[in-house]
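A.B. asks: Chains as they are written, first to last, in the working numbering: chain A, 1 to 255; chain B, 256 to 613; chain C, 614 to 921.
Just so you know, the hints here were simulated from the structure itself, not pulled from any lab data.
A portion of the hints provided could be inaccurate.
[Said to hold, decoys possible] Calculated cross-link-like contacts (lysine to aspartate or glutamate; reagent style DMTMM-like; alpha-carbon spacing at most 20 Å):
id, chain 1, residue 1, chain 2, residue 2
1, A, K71, B, E465
2, B, K597, A, E57
3, B, K416, B, D282
4, C, K748, C, E673
5, B, K574, C, E844
6, B, K597, A, D146
7, B, K597, B, D424
8, A, K244, A, D21
9, C, K908, B, D383
10, C, K717, B, E591
11, B, K477, A, D113
12, A, K74, B, E465
13, A, K71, B, D464
14, B, K597, A, E147
15, A, K74, B, D464
16, B, K597, A, D97
17, C, K770, C, E615
18, B, K337, B, D424
19, C, K717, C, E844
20, A, K12, A, D63
21, A, K171, A, D21
22, A, K244, A, E221
23, A, K12, A, E27
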Amino acid sequence: MALLEIQGLTQKFGGLQAVSDFNISIEKGSLVGLIGPNGAGKTTIFNLTSGFYQPTEGTITFDGRDTRGMKPHKVTALGVARTFQNIRLWHDMSVLDNIRIAQHYRMGYSLWDCFARTRNHALREAEIDRIALELLDAMDLRAYADERPRNLPYGLQRRVEIARAMSIQPKLLLLDEPAAGLNSADVEGLIRLVQWIHREFDITIWMIEHQMKVVMTLCSEIKVIDFGATIAEGGPEDIQTNPKVIKAYLGDENI
Amino acid sequence: MQKYTFNALLAVGALVLVLMAHTGHMDLYIQSVLMLMGMNIILATSLNLVNGYMGEFSCGHAGFMCVGAYVSSVITVILFTKDRVFGPPLLDPSLAIWFFPVAVLVGGVAAALVGLVVALPSFKTRGDYLAIITLAVNYMVISAIENIDVIGGPRGFSGMKRVINSMHDVADIPWMLVWVLLGTAFSVWILRRFVASTYGKGIIAICQDEVAAEIMSVNTNKMKLIAFMLSSGVAGIAGGLFAHAYGYVNPQSFNILKSTECMVMVYLGGMGSMSGAVLAAVLFTMLIEALRFGIPALDGVMHTIGLLPDSYEISQVWKWVIIPLVLILLMQFRPEGILGNKELSDVFPRLRRFYSFK
Amino acid sequence: MEILIQNIINALQFGSFYALIAVGYTLVYGVLLLINFAHGDIFMVGAYIAFFVATFFLGEYGIISPGALSGMTVLMLSIPLTMLLTSCVGVTLERIAYRPLRNKGAHRLYVVITALMCGLILENGNLALLGASRKKFPELIDKAVWTLGDISVTNLKVAVIFTAIAVFMLLHFIVTKTKIGMAMRGISYDKFAIPLMGIPVNTIIVFTFILGSGFAGLAGFMFAMSYPILEPYMGALIGWKAFIAAVVGGIGDIRGAFLGGFLLGFIEIGVVAVFPSTLRDLLAFSVLLLILWWKPTGLFGVAKTTKI
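Taking the hints into account, I'd like the entire structure generated from these sequences.
C.D. replies: Next up, the structure:
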C-alpha cells in the first residue's frame, strides 16, 4: 500500500480548472519530484494534499485514510508536513518557539494542565523542548535558537522552515520550491540537507522545484504537469529527454 | 531563594495595602483608586490576549464586563440579601465570604459564553469585519440589559453593598480590596500561564501567520475559541469585582467609551506584552486620577494669571481630550507602545534573577 | 396600509441619514483600508457647523443684519458652506493625524486607533469648549405637510430622501466615469500603480476625505433641520450604526453603503413598528449580525482569498 495515493484529483476555481485528473502513488521512502511551468497547478496540488483546499473531485488517501473533509491541522497530525513557496515562518517569535509550536497536535496536555501547571504539563513541555532542541542541533540551527527568523539570512530561513516541518515528525514531507531564492552555495547545502533528512529520518519526500539540478540530483521519480494535467512521468533521464516536457518548458519549436 | 524575591514582594505589598486599609492608614479614595487599578489591570491583560497576542481588533470588551457584572451581582443579591424584587436571601448572608468568589467566577463563565457570539464568527472572518461584530455585541449586551426590567433596566442595579456589608459583619477587614487584589492576581496569573505555554503560544502563531499555523497543526478554530472565551471570561471577572466595589451598576457604564478605555490601555502598554498591559493599566489609572486634580489646578492658575475669561471654566471633560491626545502622540512617536511585544524581563534581563515564573 | 406607507417613508428618511454617513466610511475604507472611526463625529461637527453658519446668516453675530436674508436664501448659502467647512475638518484630520503615520509606514491598526482617538477629541473637545447646553437649530424654512389620503409627508422628509438619492447618483458617476473616481477604486488594489496614471496618491486621498466629510456635513445639516437639538454625542451612536451599515453592505462599495444604510433604516423602523421601541438597537444589531454571519464580508463585499 502506497503512503500517499491520489486518484482523479480535480480542482476548479470558478471556471478555471487548476488541476485535472491528477493521479499519483507515492511509495514509502521514495523521493519524488513534481515539476512544471509556472501556473501549472503544482502548489494547488500541495494545497489539496495538505488539506488547505477541498478537492472538487477525486480522492486523496494518506496512510490508508481518506483525508476528504479534514481540516489542514488534522491532515498534518496524520503526518503530512510542508514548507511554503514564500517562506511562512512566524517571524516575530524565536526560532525555538517556531519549532515548539509546530508540535501543537501532540502537545499532550489540556487547558487545565496549562492553568494548573500539572506534572503532566511539565513533562510534556520538557519533551517538546527536548525534541525541538535536538532537531535544532541536528540541523545546525542551535546557535540561532533565540533569534527571530526575520533577522536571519534567507538561506537560514529556508532551513528553519524545513526544521519546523520536521518537528511535526512527518511521514511525508512536502517541499514547495525549497531552492527558490537561494544562491548556488545554499543550493548545494540544501541538496545535502534533503538527502540527509531523507536518509536519517527515513521519511518520504515530495518536492516541487524549478531548479533542474536539484530535482535531477535528488529525485528518483519525477512527475511533470502543465495546465493542471500530467504530461510525463519517469526517472530523471526519461524526463530530460521527453519531447513533451521540452515543449512545455521551452515552447513549441515550430512557431 | 533570590528568584522568589518578586513573588514575595508582591505578597508582602498586598498584605501591607490590606493592613493599611484595615487600620485606617489609607483613606477610602486611595482604596478606590487601587481597586480601579486592579480592575484596569484585569481588563487590559485580558483584552491584550485578543488584541495583542492574537492580533484581532476587539472593540467591545466592556460588553463582556457588563455580563459578568450583572450575572455575579444578581447571584449575590439573590443569595445573600433581602431584596425588593428577589425577596429574602436564599442562603445565610454570612456565607457570602465563601460564595462571593464563586459568584464572580460564574459571572466570568457567563461572560465567556457571551464571548462565543464573537468567537464563532471569528472562524470565518477576521480583521475589520470581526471588529464590527465585537462592537455590535457590546451594543447588544447593553441594549438587552436595558430591556430586562427585573434587574432595573436602564436605571441600573444595586444591592451589592449589602452583600459586602454582610461580609463585614463576619469579619471586619477591607473585603473588597482583598477580593480585587486576589482577582487581579488570579487573572494575570492564568493569562500569563496560558500565553507562556506551547498551548497558548498557538494564538501568537495565529496572529503572525494564520495559514501557517493551521497547516503546522495548530487547531486555529479551537485556539480562537479559547482566546475569545478566556478573554471575555476574565473581563467578566473584572465586571463582577467592579459591580461589588461600587455597589451599583448601570448598563451605560459599560458602553463603548469603557471599551475604548480598555483598548487605550492595551495599545499604551504594547500589544502582546503582559507586563506592558499591567504597566499601562497602572499608568492609565494614575493619569486619570492625576487629571482629576490637575485640571482644577490648571483652571485656578489660568484664572489667577488672567489667561481665561471668568465665564469659562476648564472642566473635567478635558480629561477625555487629553487622554486621546496622549495616545495620538504615542501612535505618532512610539506606535508599538511602552514595551512593544517584549516583556519587562526582556528589556531588563537582570530582573529574571528575581522571579521564577511557573 | 397608511401606517405601512408612513413607516416606509420614515424608514427611507432614517436610511438616508445612515446612508449619507455610511458612504463616508466606505469611501475612506475603499481608498485607505482605514476605518475612519472619527467619521461619526465629523457628522456631529457638520451639524454644529451648520448651526453656526445658519445663525451667522440669520444675523446672530451682528455682521449680517437680522432678517436681511430670507430663510430660503440662508438655506441655499448655508448648505455649500457647511459642506465646505466640514470637509476642511475631515481633510485637516487626514493631514495632521493620518498622513504622518502613513508616511512612516505605520501599521494600519495604529491609524485606526488614531482615528478612534480623534473622534473622542472631537466629541469631548466640543463638549469642553461649547459646554453641555444644547443648541437649538433655527427653523429656516416653513414646514409644509403634504397629505395624500391619510398619508402625510413633510417637505423636509422628501428633501432628505431625494438628497440621498442624488448623492448616490453623483458618487456613482464620479467613481465610474471620472478619472479621479476610477483612481479611487483602483488605489486599494495597487497603490503603486495609480501614481503611474498621473494622479498623486495624496490628491486622491484628500479628494476622498473631501467627498466623505462633505456628505457628512450635508447629513449633519439635514439632521439638524429634522431634529433641531444638537449635542456633542449625537454623532457617536448614529456614526457607529452607519458604520455597521456600511460593513453589512460590504465596506468599500458605494452601493453597499446605501443598501446597508437603507436596510438599517428599514430594520429599525420595522422593529419599532412591531416591538417596544426599547428593543430597537438590540434587534437591529442582531439582524445585522446575522447578515454578517451569513455573508462575512457584507452583501456587496468580495471575499478575499488567501494564497499560499
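A.B. asks: Return the numbers of the hints above that this structure violates; sort them in rising order.
C.D. replies: Violated hints (numbers, rising): 2, 7, 19, 20, 21, 23; every other hint is consistent with the structure.
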